[in-house]
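The sequence shown runs 1 to 337 under this note's numbering.
Check the hints yourself; a few may be wrong.
[To be verified] Estimated spans, in silico, between C-beta atoms of each pair:
no.	residue 1	residue 2	range
1	K141	N37	34 to 40 Å
2	M234	A12	21 to 27 Å
3	L336	P195	16 to 22 Å
4	T88	F266	32 to 38 Å
5	S269	A12	25 to 31 Å
6	N71	W46	42 to 48 Å
7	A111	D309	19 to 25 Å
8	M234	W301	24 to 30 Å
Note that these hints are calculated values from the structure, not bench results.
Bear in mind that the values here come from a model prediction, so they are computed numbers and not experimental data.
Glycine included, each C-beta is placed from N, C-alpha and C at the ideal position.
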Amino acid sequence: MELLITVIKIVAVMGVMLGCVAYVVLLERRLSAAIQNRIGPNRVGWQGLLQPIADVVKLIMKEDIVPTKANRFLHDLAPLISIGVAMTTFAIIPFGNRISLFGYDIKLQIADVNIGILYILALTSLGVYGLTLSGWSSNSKYPLLGCIRSSAQMISYELSMGVSIIGIIMMTESLKLDKIVEMQAGWHWNIILQPIGFITFLVASFAETNRLPFDLPEAEPELVAGFHTEYSGMKFGLFYLAEYSNMFVASALITTLYLGGWQVPFVHSLGLSDFWISIVQVFGFFVKIVLMVAFFIIIRWTIPRFRYDQLMNLGWKFMLPIAILNVLITGLVILLI
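Work out the full structure: start from the sequences and follow the hints.
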């Protein structure tokens, strides 16, 4: 029965996540239109609600073009790596506490592993292989430059991201994400207790997801489209989906580590039953994710792209020392208090 429950959770989470990612694209197009004082997609369905479905149909119908000199196997494999890593990262993120259904006590998390944070860092590191292989296998100069930039960017910001989380690990004495969420009960959110770590992790998340102002692997004015220049049809669509999946997962991870996860302050004082408290907690978790996704989108359409030297200087000369300083301050506070 536990296996059946796990399978149901996987199917449910994957379905919800794919649907949310599809409509995150629509959200970005509408928000960017509002920022730029234009309308945005509004023709397909009421207020453009069916636009993501039309986009998928369009990508499926497009011809799959592969350069003659490309490595066909790696060219096909690269987008699968990107989307696979993006989708599997969500497996250990707790989106609620527990809920009782049909006599079963179900934990609202697909996989509860003891090394949750290490699992996240390992998978986000693997995601760069999709970008690197796509650029190299295309046998084209602009994609190659894009994949090299992606590798350098990942090395620079992955280190800062890992160090910024150490403060949380020191306070909670655990690598389990559900334990980290439980320690943020009430208003003990890590964004208040670890503000420096939050800012460092947030900036590193922008770089990890290749979002503006850190979209150097794509950089349309410089590299045509970067690592996915030689992709078309559904394979391009998978890269597109992977980018928004990464943004969704990054928002969920920021929510889990710094914004209390599924914790909703004072929910127990409302006099609700345990079932409805669980529903409110899940709803609160997804509201926080939506707000973070909107923040990602707004930043993209307000801040210009960094130059490559600026990106590397920020990663190595500012973010890494600040993250290390945060660890030292956290250790001193724990020692004294």
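We went through each hint and held it up to the structure:
1. A hinted range of 34 to 40 Å holds for the C-beta pair K141 and N37, which are about 37 Å apart.
2. Checked against the hint of 21 to 27 Å, the C-beta distance between M234 and A12 comes to roughly 24 Å, which is consistent with it.
3. For the pair L336 and P195, the beta carbons lie near 18 Å from each other, so the given range of 16 to 22 Å is met.
4. Our hint of 32 to 38 Å for T88 and F266 holds, since their Cβ atoms are close to 34 Å apart.
5. The hint said 25 to 31 Å for the Cβ distance between S269 and A12, and at roughly 30 Å that hint holds.
6. Our hint of 42 to 48 Å for N71 and W46 holds, since their Cβ atoms are close to 45 Å apart.
7. Remark: the range hint 19 to 25 Å for A111 to D309 is contradicted by a beta-carbon distance near 40 Å.
8. Judged by the Cβ atoms, the range 24 to 30 Å given for M234 and W301 holds: they are separated by roughly 27 Å.
Checked against the numbered hints given earlier, this structure breaks only hint 7.
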